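Enquirer: Since each chain comes alone in its own frame, lean on the hints to assemble the complex.
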Amino acid sequence: MSEVGDKTTEGRPKRTRIELLVRQTDGDGFETREIASGVAYLHSRPQRIPDADWEMARLPYARQGVVTYALKNRRTEQIIQISETEKFLWEQMDGHASLQEIATAYLLHFGSFDFEIIPTLIVKLLRADLLTMRPVSRLRAVLARNRRNPAARAMEGTLHALERLTVTSRRSHQFFERVYRYGGFLLFTPWAIALLALMVGVGIVSGIKIWHNLGEVTQGLASHPLVAIVLVKVVFFLTLVNHQIIHALACVHYKRRVREFGFTILHGFIPTFYADVTDIFMATRRARVVNAVAGPLFHLFMGAFCFWLATLLEPGLMQGFIAASAILQIQSFFISLYPFCFLEMDGYHVLVELVGVPSLAHDSVRFVRESLWRRIRTATWLTRQEAICLAYFVLSLVSIAGFVLLNVWLLTSAGSS
Amino acid sequence: MASLPEIGFLRRVVLFKEVEEQVILALWPSFRERRLKKGDVLFRAGDPGEELFLIKDGGIVVSKPVTGRVEQVLTRLTPGEVFGEMSLFGDERRRSATCQAEVDTMLYSLDRDSLNRFVASSPLAAAKFFQQMAQVAFKRLRDSSNLVAEVTRWGLEATGLDIEHK
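Residue numbers (my numbering), protein chains in the order written: chain A, 1 to 417; chain B, 1 to 166.
Here chain B stands alone, though its shape is the one from the complex (with noise of 0.2 Å):
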């Protein structure tokens, strides 16, 4: 369990920016607290995923297996940003991405069964809290199209493909 309530860090934090500070206080203690050295794998992708989490200080560096070592770097997060509910949430219930401490990192983990509980008693600050994740999910859905057309455009440099005049 997490020592102290950060009620502060908590509100930064954009699922919680809605919801009412006695909730908050609520559902403190189901939180737990994860550090990670750098380089520490925090999970892989294709493992079992029953948590998501909170970073309070540090970066994660969230990549995709792409060959042998070697893997793309999706995207970085860094303190007060959310990561790993796609496994709770999602229809699959594995991680679709490894994440790694980029350095020294501090984290906060609220798995399954206490999200549910949060859910059961206190349904109108669930919706709050579901309606950030909502804006999350799309976020991260607009980052991967953006990705998807980078990584299309580097492609087409990278093999020197000219399409549009020849």
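If we strip away everything but chain A, and leave its shape as in the complex, we get (with noise of 0.2 Å):
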């Protein structure tokens, strides 16, 4: 094996070379060739699972006619979104085409052709085949890359500690279908509706009177602060696990399935309840949206009804406690609903549904940070999805740094008050 050199002129390492030995049939006569791994790369054959491993299901986004789909792997339950280009692909991947040939059959159907496309796909694939190949973050990675230091190290091992505080179900789907054939289905009916709309405007007709008696509301809570807060705490992080029962109800009523339930520590520090209802991406569109939707509106009817139930109490750390829940839900809702904050939350899938861009996210980040400036330099026009990415980068932007400024500023007021 051989190496052409160490480094190219752009500072990039040279591709490895292999060098093999094949006989002739007849006697010891032989040839040497050597084999560039780019080479084999073009030469390698995919081959996608076996179909019974698999499922796609088309995800229609008829108002701006984008089509993408939802791979799913039956086996390890890990699903993908891909487009139209990729199913193409895909659909060549089938052990028998090398890559060259596949990027031949793609150029010759689309007429034209961007060869990233591929090792990207390749790379969705296998990530989405490798149960054990987990979302690292970027802080995990900087801690890995430091491991010679020891506070680096010790700081990886309580991650590493907290994430293993990990409570899960995996066999959480038949309790929710038997908690939605017992009256779960109830929420998913125009009644559920009617209810949740009549309570909301209880909701307003109570917060508008909590308001009018703001003073005694929150005497009652002063007088109490330590109970308050941890009471207050303690209730909203009871109605989180709600909200995931709600998410997970959503998806048995569209008949998916819920992968698991549970407790983790999200990202080593943030203590949650969640479903895994991943699934849901093999429904329709319609299903995907109020299974977004259903957690927030949990919120939504729990901050109305506690409002109402506020006003029916008498001044006192009970009432103060029940109006601050419903200040807690209310801005719950909102902050579940909000999609400009690079964070994948309901209202998030909400967005991406409306604008037809599955991975919004991450492509708006990639777009700023690779494509944004040479656009500018040549002053060339946006496509549709790339001016969706940079509004969503720059209002998720915006975002952060707004509320970023307002908790500077309510500390700095507290503060001097």
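Accuracy of the hints is not assured; some may be wrong.
[Stated by the list, open to error] Interface residues of chain A toward chain B, partial, derived using beta-carbon atoms under 7 Å:
#  : residue
1  : 19
2  : 20
3  : 21
4  : 22
5  : 23
6  : 32
7  : 37
8  : 40
9  : 42
10 : 172
11 : 175
12 : 192
Don't read these hints as lab results, they were simulated from the structure. Keep in mind it's a predicted model, so treat the numbers as computed, not measured. By construction, the Cβ of each residue, glycine as well, lies at the ideal position given by its N, Cα and C atoms.
Expert: This is the structure in structure tokens:
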């Protein structure tokens, strides 16, 4: 095996070469061939998993005419979204066609070709097929690179230990099916919508009443601040469970599977409950939107209900606690539905359905980092998708900056008063 | 037996670099001359091995079977280099790789019995010989570990598997 050289002029390492000896069929004659890794890559013949192990569903975004597909690995139950062009490539990956042949077929079919599309898709497919390849945060990547540093090693160990604090049930689907059968289905009827509308109306009226008596309500809290904070946090934490349960029931409602339900320490420091309802990607667009909105609507209902309940109580700790919980629930409703923050929360999924860009957060960061400056220099118009990505990026950036400034202002105001 | 003592050539062979001339002259009758035509296989991986070889002229390609008629080229050996010593001193007395003449090649061979006699008769010279042999073995080990790293890199590039960033 040999290398052409350690580095190219651009500073990137050159592709390695392997030297093979191929014997002739008659006698000891032979020839040697150098095979560059790049050539081997072009001649590799990717093979998709057996047909029985995967399924594909079309995800129509009729408004913009963009068509994407959900591709599910039935064994690992992982789902990825692929575009029309990626679907074409996927169909070619039968184990017989080499990447070079696939690229040629693509060129003949679509008339143009960007070679990056194949490695990108292959990475996506590999990730979907590997259960152990969990997403790694940038923090974890940095810590892994600095393992020689004792502090980084200790922090990585701590994060690893915290991440292991995961309580998961992989057989939760049967449980949610039972819950759905014994009454959960009622949440997805017109009656539930009517009840929600009624409660929101009552909640608005109650909220206005509370606002008018704000002094009395907050006095109840102020007299027992520690108890009030603990109570509000505990109740809020419990409502997070319900938020996830509603997502799970919505998944069952659309006859998709709840893969997991449990508790984990997200990114090593955010304790949270979660329901893995990614199977909903195989359902209709309506199902995905309902699933995304169902969780936040629970917060809206609880907020309105708590406002109403607070008006029925006498001034004191309990009324203050209920009113504070109501505010927290309404706040959660808006936060979980707010899409512009780079986090893929419920509102983000609704936005994705509306604009028809499945990996909006990722694409927007990538576009700004890799292509925006070039577009500005060459003064070329943005495509529709690029404009959406740019708008999302700017709005998210502004939102986060606004959120940080608001908190700084609140803290400084509280400190000076 | 080799025709004429080639002291100059043996001095260039790393194993005999430190050995006194009279010892080499005494050992010389034990060397056997071998001539290979281009493409001739000297031995194949798995064959029993009883001798080591010094390359006088030509070149040897060392390969390891991979699949069917395909073998991986491990290294190429040139005049002055020694090979085949693993089956003499290793724990397995079988050839670990296939050696084949890449061009018309002339070799000298030294069998196990001759080597044993050399060790018994000239222990001091034998010590120097084995010291150089250890150097050769260390270099082979280093080359092998470099090869493993390169093959791994080749595999990653050839499969498009991006471990670092994905």
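Enquirer: Each hint: holds or not?
Expert: Against the structure, the hints come out as follows:
With its C-beta approaching chain B no nearer than about 4 Å, residue 19(A) sits inside the 7 Å limit, and its interface hint holds. The restraint placing residue 20(A) at the interface with chain B holds, with a minimum CB-CB distance near 6 Å, inside the 7 Å limit. The criterion of a C-beta within 7 Å of any C-beta in chain B is met by residue 21(A), whose closest approach is roughly 4 Å, and the hint holds. Look at residue 22(A): its Cβ gets to within about 5 Å of chain B, closer than 7 Å, so that hint holds up.
Because the beta carbon of residue 23(A) sits about 4 Å from the nearest beta carbon in chain B, less than 7 Å, this interface hint is met. With 7 Å as the threshold, the beta carbon of residue 32(A) comes within range of chain B, its nearest partner Cβ sitting at about 6 Å, so the hint holds. Because the beta carbon of residue 37(A) sits about 3 Å from the nearest beta carbon in chain B, less than 7 Å, this interface hint is met. Contact between residue 40(A) and chain B, as hinted, is supported at the beta carbon level, the nearest pair being about 4 Å apart and thus within 7 Å.
Hint on residue 42(A) is violated. Least Cβ distance to chain B is approximately 9 Å, over the 7 Å limit. Of the supplied interface hints, the one on residue 172(A) is violated, with its beta-carbon coming no nearer than about 29 Å to a beta-carbon of chain B, more than 7 Å. With a least beta-carbon distance of about 34 Å to chain B, the hint placing residue 175(A) at the interface is violated under the 7 Å criterion. At its closest, the beta carbon of residue 192(A) sits 42 Å from a beta carbon of chain B; the interface hint therefore is violated under the 7 Å criterion.
Hint compliance for this structure: hints 9, 10, 11, 12 are broken, all remaining hints hold.
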